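*Asks:* If you're matching them up, the sequences are chains A and B in order.
For the first sequence, this note's numbering begins at 1 and goes up steadily by one.
For the second sequence, this note's numbering begins at 286 and goes up steadily by one.
These are computed hints drawn from the structure, not numbers from a lab.
Worth double-checking, as some hints may not be accurate.
Said to hold, decoys possible - Capping the alpha-carbon separation at 25 Å, the derived lysine-lysine pairs in DSS-like fashion look like this: (1) K27(A) to K362(B); (2) K530(B) to K463(B); (3) K463(B) to K27(A); (4) K505(B) to K27(A); (5) K437(B) to K27(A).
These numbers were taken from a predicted model, which means no experiment stands behind them.
Each chain is listed here by its residues.
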Amino acid sequence: MKTNSVDLSLSTSIDDDNISNLIQEIKALTLRLFIQLIRRPSTLIAGILQPLIWLILFGALFSNAPDGFLPGGLSYGRFLGAGVIVFTAFSGALNAGLPVMFDREFGFLNRLLVAPLISRSSIVFASVIYITVISLLQSFAIMGTAALLGYGWPGSGGILLVSLTLLILVFAVTALSLGMAFALPGHIELIAVIFVINLPLLFASTALAPISYMPGWLGWLAALNPLTFAIEPIRAAYSGPLDLGLVILHAPYGDLNGYECLGILLGITIGLFLLIRPLLNRKLA
Amino acid sequence: MHVIELHELVKSYGTVQALNGLTLCVPEGSLYGLLGPNGAGKTTTLRILCTLLAPDSGEVIFSGIDVLKDPRAARRKLGYVAQEVAVDKILTGRELLQLQGDIYHLPVKDREIRINELVERLEMSSWINRRCGTYSGGMRRRLDLASGLLHKPKLLVLDEPTVGLDIESRSAVWQILKELRSEGVTVLLSSHYLEEVEALSDQIAILDQGRVIAEGTPEKLKNELGGDRVTLRVREFSTTEESEKVRRLLKKVEGVRQVVVNRAQGFSLNLVVDDEGALTRIREELDKDEVYIFSLTQSKPSLDDVYLQATGRTLMDAELAVAGKRDVKLETKQSMR
Ligand SMILES: Nc1ncnc2c1ncn2[C@@H]1O[C@H](COP(=O)(O)OP(=O)(O)OP(=O)(O)O)[C@@H](O)[C@H]1O
Ligand SMILES: [Mg+2]
């Protein structure tokens, strides 16, 4: 009675049954995260307040900058909004591995790992859905506040663009964080890595200042930083009528338009996810 | 037919050799007990069987499935109740069971029916809608048992299912395990309680230092050992000299083995006799020297005797010896993978 052993984690013919099972497991894992959020809302409240504080304080810091301080005559508040939106989503996603790490440490993860999950990537997808929803909530709070502060409103096309960009970014960073949650020895190490990655990536991006303000080496870093590819399209939505065909990033290696930025971001995301998948299945190795 | 076949499993954690060529076959429909002192390799064996851990070498066959090659097929048919119970404190028991049902892909309607069935059967209805964070150890165990059973597995694996439970919860768990067996589910459990294994299991394997050192029904193991255990007293509380004298006398008797003085029990004498005749010869020998027998009890060997015979030490001694050697911190760290 030997069943022929196919490795379902890679390439099986995915039939309808598998798909509905996949949806069922992702739904259940996601639901758990939202139940936790609703019963412990403090993280959500802090997560919404924090970027607003950023926006208000940083916006105020440069509010007396001379006209023409930024390229295109943008006010600093307008310039900053996109940076805060992206950075907020980024930090949220970077922390996504922590609950999984705690599940590992408390043994809850074993429950999931002895179950016949169609794919262990379901754990990643559940976190991605969860973090994306939170990021969108945060972004709307940021955009609303920015509008109140007179920093403008991106329009409906802009909002669509914000959602799409965040989805791609959150996917990449969540996958990365979950990969680390499986690979690192414990939450102390994970927190250390998050700590080391978080702020440097913010400063070495165009979130707070354009590349033209940076010394050469930092400009290079910023022009390679995935955050930049997410920030610039959103910023474009803030600085006028949205046209992704326009050049929006003057990188040391050349000019990029909006489509190219999003394309690079998508490429990085897919690459990261493929890189991290083996880590999830490694549990049996 | 064997539902589980483990062949020559080897597993080491760094320098610690946890499994040392362990081979074990579990008959379908049995209630099988793994008995062994702390650190014998019980948890490691069960984790390998449940696809949570890969052995360094060896073979794992469950229900015709090569578990190492096709773990997902195996996962569908087995339920695992871990040694440390992990619950999500924020969820209610019912929500946890629903999550469990979903990751086993039960259709929602069946899932609810099954949950209600188990809630009733395990008597959880008065607290199942409360958050898990408020549960006692016994409640968590029952919840965990329910989640292991939700998808009607062919095999239920339990790692020390009653450790830390009060007597009432413990016998409730025992009762359920027996019922499951009569329903045709194979139950594999580990324990270091002799009484538990003896009371429950129809088959046992004794593990020591990562291998199986004895295996079979409790009766078979005890009979194989041969001989009856005899406790003899010449006085309610004897003295060293008197016991020593009796011991020398007894050693001369044919068919008497392993005579020891048990200081802890008022210098009574423990010995093994191979046949009924030996008891008569003991009486005759003692009569000659005018030593009178105050009491004499005779019993079949126990599982502890089996363990003693196989390893040269009692289970208790083995536990004490290991207790000092383990690095608990390191282990919790590594076992959480
Ligand atoms: N994660 C780990 N890292 C290092 N050593 C480990 C780890 N897990 C188990 N060991 C070692 O492997 C051996 C077998 O451990 P195992 O947990 O399988 O024993 P056990 O029979 O379940 O013991 P117990 O009755 O205490 O639960 C022990 O010597 C233990 O110290
Ligand atoms: Mg154990």
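*Asks:* The structure should be examined with respect to each hint, and the outcome stated for every one.
*Replies:* Hint check:
Restraint check: the Cα-Cα separation between K27(A) and K362(B) comes to about 22 Å, which is no more than 25 Å; the hinted pair holds. Among the hinted pairs, K530(B) with K463(B) is inconsistent with the structure: their alpha-carbon atoms are about 49 Å apart, more than 25 Å. Taking the CA atoms of K463(B) and K27(A), the gap is near 35 Å; set against the 25 Å cutoff, the hint is violated. Of the pairs offered as hints, the one joining K505(B) and K27(A) is violated, with about 51 Å between alpha carbons and a cut-off of 25 Å exceeded.
Distance check on the hinted pair: K437(B) and K27(A) sit about 22 Å apart at the alpha-carbon level, within 25 Å; holds.
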